[in-house]
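**Student:** Residue numbers (our numbering), protein chains in the order written: chain A, 1 to 309; chain B, 1 to 423.
There could be a bad hint or two in this list.
Claimed, not checked - Each computed DSS-like pair below joins lysine-lysine, with the alpha-carbon atoms no more than 27 Å apart: (1) B:LYS350 to B:LYS335; (2) A:LYS56 to B:LYS253; (3) A:LYS184 to A:LYS107; (4) B:LYS335 to A:LYS184; (5) A:LYS168 to B:LYS335; (6) A:LYS168 to A:LYS184.
No lab work stands behind these hints: they were computed from the structure. Note that the structure is a prediction, hence the values are computed from the model and not measured.
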Amino acid sequence: MSTSAPTQPDYELTHLQALEAEAIHVIREVAAEFERPVMLFSGGKDSAVMLHLAVKAFAPARLPFPVMHVDTGHNFAEVIEFRDRRVAELGARLVVASVQDAIDAGKVVAETGPRASRNRIQTVPLLEAIESHGFDAVFGGARRDEEKARAKERVFSFRDDFGQWDPKNQRPELWNLYNGRYRKGEHIRVFPLSNWTELDIWQYVAAEDVELPSIYFAHTRRVFQRDGMWLAESPWVTLLDGEEVEERTVRFRTVGDATCTGAIESPAATLAAIIEETAVTRITERGATRADDRISEAGMEDRKREGYF
Amino acid sequence: MELLRFATAGSVDDGKSTLIGRLLYDSKAIFEDQLEAVERTSLARGDAYTDLALLTDGLRAEREQGITIDVAYRYFATPKRKFIIADTPGHIQYTRNMVTGASTADLALVLIDARRGVLEQSRRHAFLATLLGIPHLVVCVNKMDLVGWSQERFEEIKAEFRSFAMRLDVHDLSFIPISALHGDNVVERSANMDWYEGTSLLHHLEETHIASDRNLIDARFPVQYVVRPQDQHNHDLHDYRGYAGTVAGGVLKPGDEVVVLPSGLTTTIAAIDSADGAVAEAFAPMAVTVRLADDVDVSRGDMICRVRNRPHVGQDIEAMLCWLTPQGDLRAGAKLAIKHTTRWGRALIKDLQYRLDINTLHRDEHAGTLALNEIGRVSLRTTVPLFFDEYRRNRATGSLILVDEATNNTVGAGIILGPTGVA
Numbered sequence: 001m002s003t004s005a006p007t008q009p010d011y012e013l014t015h016l017q018a019l020e021a022e023a024i025h026v027i028r029e030v031a032a033e034f035e036r037p038v039m040l041f042s043g044g045k046d047s048a049v050m051l052h053l054a055v056k057a058f059a060p061a062r063l064p065f066p067v068m069h070v071d072t073g074h075n076f077a078e079v080i081e082f083r084d085r086r087v088a089e090l091g092a093r094l095v096v097a098s099v100q101d102a103i104d105a106g107k108v109v110a111e112t113g114p115r116a117s118r119n120r121i122q123t124v125p126l127l128e129a130i131e132s133h134g135f136d137a138v139f140g141g142a143r144r145d146e147e148k149a150r151a152k153e154r155v156f157s158f159r160d161d162f163g164q165w166d167p168k169n170q171r172p173e174l175w176n177l178y179n180g181r182y183r184k185g186e187h188i189r190v191f192p193l194s195n196w197t198e199l200d201i202w203q204y205v206a207a208e209d210v211e212l213p214s215i216y217f218a219h220t221r222r223v224f225q226r227d228g229m230w231l232a233e234s235p236w237v238t239l240l241d242g243e244e245v246e247e248r249t250v251r252f253r254t255v256g257d258a259t260c261t262g263a264i265e266s267p268a269a270t271l272a273a274i275i276e277e278t279a280v281t282r283i284t285e286r287g288a289t290r291a292d293d294r295i296s297e298a299g300m301e302d303r304k305r306e307g308y309f
Numbered sequence: 001m002e003l004l005r006f007a008t009a010g011s012v013d014d015g016k017s018t019l020i021g022r023l024l025y026d027s028k029a030i031f032e033d034q035l036e037a038v039e040r041t042s043l044a045r046g047d048a049y050t051d052l053a054l055l056t057d058g059l060r061a062e063r064e065q066g067i068t069i070d071v072a073y074r075y076f077a078t079p080k081r082k083f084i085i086a087d088t089p090g091h092i093q094y095t096r097n098m099v100t101g102a103s104t105a106d107l108a109l110v111l112i113d114a115r116r117g118v119l120e121q122s123r124r125h126a127f128l129a130t131l132l133g134i135p136h137l138v139v140c141v142n143k144m145d146l147v148g149w150s151q152e153r154f155e156e157i158k159a160e161f162r163s164f165a166m167r168l169d170v171h172d173l174s175f176i177p178i179s180a181l182h183g184d185n186v187v188e189r190s191a192n193m194d195w196y197e198g199t200s201l202l203h204h205l206e207e208t209h210i211a212s213d214r215n216l217i218d219a220r221f222p223v224q225y226v227v228r229p230q231d232q233h234n235h236d237l238h239d240y241r242g243y244a245g246t247v248a249g250g251v252l253k254p255g256d257e258v259v260v261l262p263s264g265l266t267t268t269i270a271a272i273d274s275a276d277g278a279v280a281e282a283f284a285p286m287a288v289t290v291r292l293a294d295d296v297d298v299s300r301g302d303m304i305c306r307v308r309n310r311p312h313v314g315q316d317i318e319a320m321l322c323w324l325t326p327q328g329d330l331r332a333g334a335k336l337a338i339k340h341t342t343r344w345g346r347a348l349i350k351d352l353q354y355r356l357d358i359n360t361l362h363r364d365e366h367a368g369t370l371a372l373n374e375i376g377r378v379s380l381r382t383t384v385p386l387f388f389d390e391y392r393r394n395r396a397t398g399s400l401i402l403v404d405e406a407t408n409n410t411v412g413a414g415i416i417l418g419p420t421g422v423a
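Only chain A is shown next, with the shape it has when bound in the complex (with noise of 0.2 Å):
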């Protein structure tokens, strides 16, 4: 695919091309007016395909940005390898946010019992990794097709001093104009591939051949049902009555904290086999496999009021 090489007639841009040319522009615009922008990195497809387009945007220039990953301590070690190998093939500086070192310092206190999550805390290490940083605009990799308290976020996120957000106080945004003005210790959230679906994620990433960690694809893993999910054994998880681990041929749909990221039946090995289930798929990526989502109706608008991603 080329948003370069446009093959059809009547100078027409396939929706793949027009979406790839709105976030290139968005990235753009953040490094020519903030001071220091971050990208976050989680080593998700989202995050690699934000990448992916950030490296276009800048080419043949390197990254003029840092990327942060907010890092649970509870990760699947194939995403970390695979992050940690990007990083090193772009050149690129990585920040670490810990969730554990904020733990450790007794910022915040981690969740216990056997349905603990580190979800939630994230936002602590977060903000704080913004703020002794002094970075002024953090690239998120958020969709609004994921959930209806994204789908009115706008694509220049402001967040006041305490890095939250007011859904009724946002900045009206038109045309291809963002406002990116802020005082001092604000900061503003962007979210370059807002327009996105889950489908047009795989789509591009097969169209651009751009490398995923190998829990997205089909592979055998020891997991247990727990709330109609399923989810991967690992040291951090403790087993309720009646759950029993087995081994099944699983991938995931979404990759973070691996004590909530469910993972789901798929024989779906290859790009091809995982466009043509998500194409027939009826139920949401974060229906299917964040635990965290399920919290209440209005769960994910409270955390991202908080200042979460």
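With chain A held as given, fit chain B onto it using these hints.
**Tutor:** Just chain B, lined up with the frame of chain A:
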């Protein structure tokens, strides 16, 4: 597959949510878990039916009040096109949201209740769509089931709307009789209205020709970012200097003789790069990097265009302005930050010539202010020259935003009519 962005305006009463729900459901863009969540909430609230508006009304306040406050973006695709819906509330107090959603739309859907006919709000929606330069307007006459699928009623509404639309700058106007509730003429053609010879709404959305809507004549390239590789290990790139940006109009090719504004220096395009390599041409809205043959001084905010086809260059501009903030009205004398393409400056509102009643199109020339959601014609002067075109000629080089320097909020949306004294 092409991308089509369309805006809908209306309230639940018009059946807008039902219509969007049907488009999404029939194109399988609503997922089972989303539908279940909506059914649960509807049941808990004691609604008589599953309220599809809950799919789009994502904020707590919206669900509590049962209204759409903000623009919601929804996505669906058919084998032919990917669609982005900017779903905006229809009431007059949300005009700013409508303007926001309409600013990037290729097509606007206006919904009319067949029983109630052309109302004030239908006219307002049509006016805003044309003001924002949306090239295609589709009027869906909804609830045809409630008027006995009457062709006569449909024709009556069509005639009334047409006579109003003659006063507007509408390029492409279509009418479709539908029943969103029953699905008639939404995805499939209706068996209840065999007198209707047109296509279904979805078919219309798939087939509307949008490629020629873009300006492919006036080459405009606002420089967004200067790419200068600082790589000690790669000396080949030592002299690389590229100007990155998004093409705002026309077609750029290597070899084109161009002028850089504001310096006025002329040179030629040496190459157009993307991460996938050099390209033979670039057109809107491609994001590319342009290299020039000569070492001229170019920075962000400059504009590259053809020598014999230049935008207006000036500091005195006439614009239609929509006021977007509840925190204070606009008055002549106001000083604000302005963003136009990739250029920031400051603007002085020299004159508010009139305020437009967006329902009747009446011009109030004695108005001294623009309040939230009001639209008026202003003359403004900027601290830096802007390189602009009339909005109707180019939406990218004809639009601007105004920002309050104290709060940093975006407070105004401007549609450029032309340079002062000419327009």
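**Student:** If a hint holds in the structure, say so; if it does not, say that too.
**Tutor:** Status of each hint after checking the structure:
no.: 1; hint: B:LYS350 to B:LYS335; result: 9 Å, holds
no.: 2; hint: A:LYS56 to B:LYS253; result: 20 Å, holds
no.: 3; hint: A:LYS184 to A:LYS107; result: 24 Å, holds
no.: 4; hint: B:LYS335 to A:LYS184; result: 22 Å, holds
no.: 5; hint: A:LYS168 to B:LYS335; result: 26 Å, holds
no.: 6; hint: A:LYS168 to A:LYS184; result: 22 Å, holds
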